[in-house]
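Sequences listed follow chains A and B, in order.
Numbering follows numbering that gives the first Met the number 0, with no gaps: position 38 of the first sequence is 37.
Numbering follows numbering that gives the first Met the number 0, with no gaps: position 178 of the second sequence is 177.
Keep in mind the hints are simulated off the structure, nothing from the lab.
Residues of chain A clear of chain B, computed beta-carbon distances all greater than 10 Å: (1) E12; (2) K16; (3) V38; (4) V84; (5) N85; (6) A86; (7) D88; (8) V90; (9) E92; (10) R94.
Below, simulated DSS-like cross-link-like pairs (lysine-lysine); rule was C-alpha separation at most 25 Å, straight line: (11) K2/A / K42/B; (12) K5/B / K66/A; (13) K89/A / K226/B; (14) K36/A / K93/A.
Every residue gets a Cβ at the ideal spot worked out from N, C-alpha and C, and that includes glycine.
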Amino acid sequence: MDKEKKYEFNKTEEYPKMVVSFGSTLTNKTASWRTFKPVINEDKCIGCGICWKFCPEPAITPTNPPKIIYDYCKGCGICIVECPVNAIDKVDEKR
Amino acid sequence: MNQEKKKLTITIPEEEIMQAGHLACQGCGAAIAMRYALKALGKDIILDFPACCWSVIDGPFPYSATQVPLFHTAFETAAAVASGITNGIQAIGNDHTTVMAWAGDGGTFDIGIQALSGAAERNDNLIYTVYDNEAYMNTGIQRSSATPHGAWTTTTPVKHFKKGEKKDIDSILVAHGIPYLATTSIAYAEDMVKKYKRAKEIRGTKFMHVFAPCPTGWKSDPAMTVKLAKLAVETGVFPLYEVVNGKYKLSIKPKELKPVEEYLKLQGRFKHLQKDDIDYIQKKVIEKWEILLKKVEMFGE
Numbered sequence: 000m001d002k003e004k005k006y007e008f009n010k011t012e013e014y015p016k017m018v019v020s021f022g023s024t025l026t027n028k029t030a031s032w033r034t035f036k037p038v039i040n041e042d043k044c045i046g047c048g049i050c051w052k053f054c055p056e057p058a059i060t061p062t063n064p065p066k067i068i069y070d071y072c073k074g075c076g077i078c079i080v081e082c083p084v085n086a087i088d089k090v091d092e093k094r
Numbered sequence: 000m001n002q003e004k005k006k007l008t009i010t011i012p013e014e015e016i017m018q019a020g021h022l023a024c025q026g027c028g029a030a031i032a033m034r035y036a037l038k039a040l041g042k043d044i045i046l047d048f049p050a051c052c053w054s055v056i057d058g059p060f061p062y063s064a065t066q067v068p069l070f071h072t073a074f075e076t077a078a079a080v081a082s083g084i085t086n087g088i089q090a091i092g093n094d095h096t097t098v099m100a101w102a103g104d105g106g107t108f109d110i111g112i113q114a115l116s117g118a119a120e121r122n123d124n125l126i127y128t129v130y131d132n133e134a135y136m137n138t139g140i141q142r143s144s145a146t147p148h149g150a151w152t153t154t155t156p157v158k159h160f161k162k163g164e165k166k167d168i169d170s171i172l173v174a175h176g177i178p179y180l181a182t183t184s185i186a187y188a189e190d191m192v193k194k195y196k197r198a199k200e201i202r203g204t205k206f207m208h209v210f211a212p213c214p215t216g217w218k219s220d221p222a223m224t225v226k227l228a229k230l231a232v233e234t235g236v237f238p239l240y241e242v243v244n245g246k247y248k249l250s251i252k253p254k255e256l257k258p259v260e261e262y263l264k265l266q267g268r269f270k271h272l273q274k275d276d277i278d279y280i281q282k283k284v285i286e287k288w289e290i291l292l293k294k295v296e297m298f299g300e
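Isolated chain A (complex conformation) (with noise of 0.2 Å):
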């Protein structure tokens, strides 16, 4: 299943008979409500996993060092209070 497909409906009878999701909210891209975003420093990066943990996205990879997925991100900034080495700093958000 691709999960960023989007649907459309035009028509009553290309709606499902039942209420049923057949999408996924990755559709959404949510990097728009961002003030500011964190960009994680790499070298400073110990590999604890805990900004990954507790982001409510999730847009943060289980990966070492994880990449933030700027897509989704809401700029909440629980990974920049949350890092244990100060390794994620505040950017202010320019568009």
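Let chain A serve as the given structure and place chain B on it in line with the hints.
Positioned in the frame of chain A, the structure of chain B alone reads:
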């Protein structure tokens, strides 16, 4: 460069069932709670949401953030619908699927309590989760019976802030004699995953009380969500324990409780409190903590 870097330290299951792109506010505690719960329980699950924040967070038709079967239902019927689903799947011979009702504190403490009480009395095989953000956050921060003393909400404005204690829902459920009850916090991910895995193994009604801070309603910085959840445990405002067949067991026992002021000062909803109000809250927190310690002593393993 060191190419062979070791893997990221992973303490909770790696698979993500909840997808990104959901509609929770920045720093939502309820979204973190659902992420951990689904990680622990796996994909073989049927969810049931009454009206609560999660009926919005899940996303508009035909998209869903959870990627598992789920049922949206009326406000007061979370436990009744979950009872129906669990008895229905048993009737067709399915004994492996977990059924979980997922309600906010308004849908549990106030509106849904009779359905929950009925399900607990019948001991239907389901997990009932309340994610407790201490007011009706989805409809605009109205007071619920889970709102603590001293808090601002839109129906208890600053001049007339809420007076009276939070309803002790856990004792009410323990009195029903359910096989498993646990209080969990999103700041203790490993503890929460462990408790959900334990709940999955037990037959009967399991009640999970998840403490999920709400930056929007608590007027706190979204970045402080996890810190607040941790402080709530460390100050004794929300102690973590489990009750297995009436036997109390503390999960996290802080050596010394931090002053409750540290927890209160991070939240805008407590900004108006004077010193004697804070002293009163501190006194009540210590009182409840001592009662809990007595219960652990009396009914412990």
